[in-house]
Amino acid sequence: MTDFDLAVVGGGPAGMAAALKAHEEGIEKIVILERAETLGGILEQCIHTGFGLHYFGEELSGPEYAGRFIKLLADTDIVVKTDTMVLDIASDNTVTAVNKTDGLLKISAKAVVLAMGCRERPRGALSIAGTRNSGIMTAGTAQKYVNIYGYMPGHEVVILGSGDIGLIMARRMTLEGAKVKMVCELMPYSGGLTRNIVQCLNDFDIPLKLSTTVVATHGKDRLEGVTIAKVDGNLQPIEGTEEYVPCDTLMLSVGLIPENELSKNAGLELDRITNGPKVDEYRETEQKGVFACGNVLQVHDLVDYVTEESQIAGLGAAKFIKGEKISGACVTTSGTNGVRYIVPQRINCETDADVKLYFRVGAVYTNASIVVESNGKIILSKKKKKLCPGEMEYVLLKKDVIAGLPKDSVITVRVEA
Amino acid sequence: MFGRKKGEIMTYDVAIVGAGVVGGLIARELSRFNISVALLEKCNDMAMGTTKANSAIVHGGYDAQPGTLKAKLNVEGTALMPKVCEKLSVPFKNNGSLVVAFSESEMEHVKVLYDRGIKNGVPGLSVIDRDELRRIEPNISESAVGALLCESAGIVCPYELTIAAVENAVVNGVEFIRNCRVQSIEQNGDYTLKTTAGDIKAKFIINAAGNYSDKLASMVGDDSIDLVPRKGEYYLLDKSVGGLAVHTIFQCPNEMGKGILVTPTVDGNLLIGPTAKNIDDKGDTTTTSEGLREIVEKALKSVPTVSPRNAITSFAGVRAHPVCDDFIIGWCEKSEHFLNVAGIESPGLSASPAIALYVREILSEKLNLTEKEHYSDVRKAPVRFRHMNDVERAELIKKNPAYGRIVCRCETVTEGEIIDAIRAPAGARDVDGVKRRTRAGMGRCQGGFCGSKVVEILSRELAVPMNEVTKFGGESKIIYERTK
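First to last, the protein sequences are chains E and W.
Start counting the first sequence at 97; every next residue gets the next number (the working numbering).
Start counting the second sequence at 16; every next residue gets the next number (the working numbering).
Heads up, a few of these hints could be off.
PhoX-like, lysine-lysine: derived pairs with alpha carbons at most 25 Å apart [as the list claims (entries may be wrong)]:
| id | chain 1 | residue 1 | chain 2 | residue 2 |
| --- | --- | --- | --- | --- |
| 1 | E | Lys177 | W | Lys499 |
| 2 | E | Lys316 | W | Lys492 |
| 3 | E | Lys316 | W | Lys209 |
| 4 | E | Lys275 | W | Lys492 |
| 5 | W | Lys492 | E | Lys177 |
| 6 | E | Lys202 | W | Lys230 |
| 7 | W | Lys297 | E | Lys316 |
| 8 | W | Lys413 | E | Lys202 |
| 9 | W | Lys499 | E | Lys277 |
| 10 | E | Lys275 | W | Lys499 |
| 11 | E | Lys277 | E | Lys305 |
| 12 | W | Lys395 | W | Lys414 |
| 13 | E | Lys374 | W | Lys254 |
| 14 | W | Lys492 | E | Lys277 |
| 15 | E | Lys177 | W | Lys414 |
| 16 | E | Lys360 | W | Lys254 |
| 17 | E | Lys316 | W | Lys230 |
| 18 | W | Lys230 | E | Lys196 |
| 19 | E | Lys196 | W | Lys468 |
Hints in this document: simulated from the structure, not taken from any laboratory.
Required output: the full structure, derived from the provided sequences and hints.
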């Protein structure tokens, strides 16, 4: 058994930022456990730019963004264990992990930060009819083949789902000489960032087919084509609209799922919408001393917000370790009328800082208001020109406003069109 | 000891065509004797046909009519299965099965099945009422009125059983030849099989070619085997809902088969299906939106809490339904040393250990079988990191650090296990082969994270470039040329 003050599970942008923040707050014994061979998480394969505009005020590639944190880490005494997989987090915060050099590791930690990130929804979950041949892969897997291994995963590509990775890969494959025939999106709007639709599809004349899905795959060994169809208001394929599209590759960008198997095994209850643990304003879960941040908590649109959130969790963990963290009566948050969820799910009434409530909307709205209400009283109202499901939004609550609310009250956030 | 040398065509005593569960277990049984045996498989791996896509059930044996080969070999095979699985280190679970009745008239049918089962010699049968049913199967539908309980039924992983049987056969001297599709058979004295892997000579041929056994028989002039390809589609659900069924839950059977079942798998997932549709193309393992809809609709009748939202994959298999409605096992009338083992639809998996013994029996009529001095019917259990405790894990990694690197996160599969699967006798040659042997890529992310890692390990172990690694042989390449 090795003793640490803080064990951080995951060395992507979330884990690194949380560890660095806790270190900055004076926490001495910190370990980061990362399953990949390098730090950086998924940023390592995101060689496109667009990272860091908010946090660093300049446009960086994924590896550059991660590199800044890796460099900061190197100047600290934070212990980094890569190629190390966490197998279990016990209720007393003992972390069991495994790697080639240490074998089986038992780490006793005063606090734990969960920063495992998320995974892509695979084909099986979609129930697409047809064959199960090669050439069907998630956009992230394809990205890894191109950017990390340097191999072409396909020549004629159809992309299903207009999530950001799908959009990025449409451009990437085109630049590598592949023909990207179309991006199909089940919903009547894209799930990706507007800037990605412009820069990755429009600039390359790649058609975005909304309200369209892939209903069947064809081919014997390697994929030979897909059948696409329009969908109705209930997202069901409309008969007679089927169209055969020859292609050797189907890339899926149909959603991200927080990787919470460890959290679930540790007994944490997950939010039904975010699929992440329920947390307070410092991202402390319902288990004392266990914090969560980044995509394991909620799928983010921008890494800059991951960093910001993870610093909050790192600060929270540091406060917890020092015995300074407030943990008492709470108010809860709830999204209604177009607001799908809120993070954090609860806020300590006596919190010592202002709190940003993060959320996503369930549809596209123009010229709408975000209204925050509690006990029938409107606390805050904010006009927005445009709200899209692909982009995270937030409202800022002042700590004295929170302090003025009766305990156990509910803060609701809604859209008013 | 019976290895083929380059340029030389050796004559095998026996060539088994088809490395499904039937061919695999026959090969294992014959490996006990002082004969040379080749197991020919048209695909890049064993268990690639009906064996890899079926309900994975070890049936009690109450379905088939008394007096049929199906009835006899089902009951015998099911009795043999636990021991065979133990010897081959293949997980088998004796979870029992239920045929659920939803009306009094169905209850009558349940009683017919009970009587038939007793006639067939099925142990552990009883008819249970609504209360008992709810007690032993808590998630069963409210509308169920009773059931036939068969305590001797179980579940097994059919491809794991086949892989283990072939490994065991190979260790005992059988030659496993992949990518070996028989194109024609010539006979002057011995047989010469013209295959995609070259000519192969044999004194005897055992036809275990599954859906293609009619075609193989016709190569020696035997057109008597009449098969109808029947497709069955399935949903495999996540382990988080694996506990929704304790027993294998059948509904009352109809003329197309045993209907839609809901069952746990030995690996802890939940399996629902199959549909039953006669098709023209034997190779048609496509799933259809109608089929997938039908599965859910009908499965809901048994267990109302089943949901396709928990699906991790869907698949389809084609079974060889014999028009005569019984297994076709025996000497071919047109060719003296050609033994048909055809029309092995359900309960073929359950019967397979008994089929192997039965075939050996028949073969011994014409071929002298003397036992080898050195033979082992035991296949050593592969390392399963996920089933070990911390002490065992620590010990294992100390011995070989490759077990300290987790490649598949969802199923907790280590690099060491993947290397073992590739280096095993008759080991994995492609991504799906690794998946079937280790479960890497079988979990909820379906290989999203580990797929490329597995390709990398295969590439290294097989000493081929990454872009020559396939998903399941043939043209199923995963990646193409290098980027510019």
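Quick rundown of the hints versus the structure:
| no. | hint | in the structure |
| --- | --- | --- |
| 1 | E:Lys177 / W:Lys499 | violated (34 Å) |
| 2 | E:Lys316 / W:Lys492 | holds (12 Å) |
| 3 | E:Lys316 / W:Lys209 | holds (24 Å) |
| 4 | E:Lys275 / W:Lys492 | holds (18 Å) |
| 5 | W:Lys492 / E:Lys177 | violated (35 Å) |
| 6 | E:Lys202 / W:Lys230 | violated (59 Å) |
| 7 | W:Lys297 / E:Lys316 | holds (13 Å) |
| 8 | W:Lys413 / E:Lys202 | holds (15 Å) |
| 9 | W:Lys499 / E:Lys277 | holds (21 Å) |
| 10 | E:Lys275 / W:Lys499 | holds (15 Å) |
| 11 | E:Lys277 / E:Lys305 | holds (11 Å) |
| 12 | W:Lys395 / W:Lys414 | holds (18 Å) |
| 13 | E:Lys374 / W:Lys254 | holds (23 Å) |
| 14 | W:Lys492 / E:Lys277 | holds (21 Å) |
| 15 | E:Lys177 / W:Lys414 | holds (21 Å) |
| 16 | E:Lys360 / W:Lys254 | holds (13 Å) |
| 17 | E:Lys316 / W:Lys230 | holds (20 Å) |
| 18 | W:Lys230 / E:Lys196 | violated (51 Å) |
| 19 | E:Lys196 / W:Lys468 | holds (16 Å) |
Violated hints, listed in ascending order, are 1, 5, 6 and 18; each of the other numbered hints is respected by the structure.
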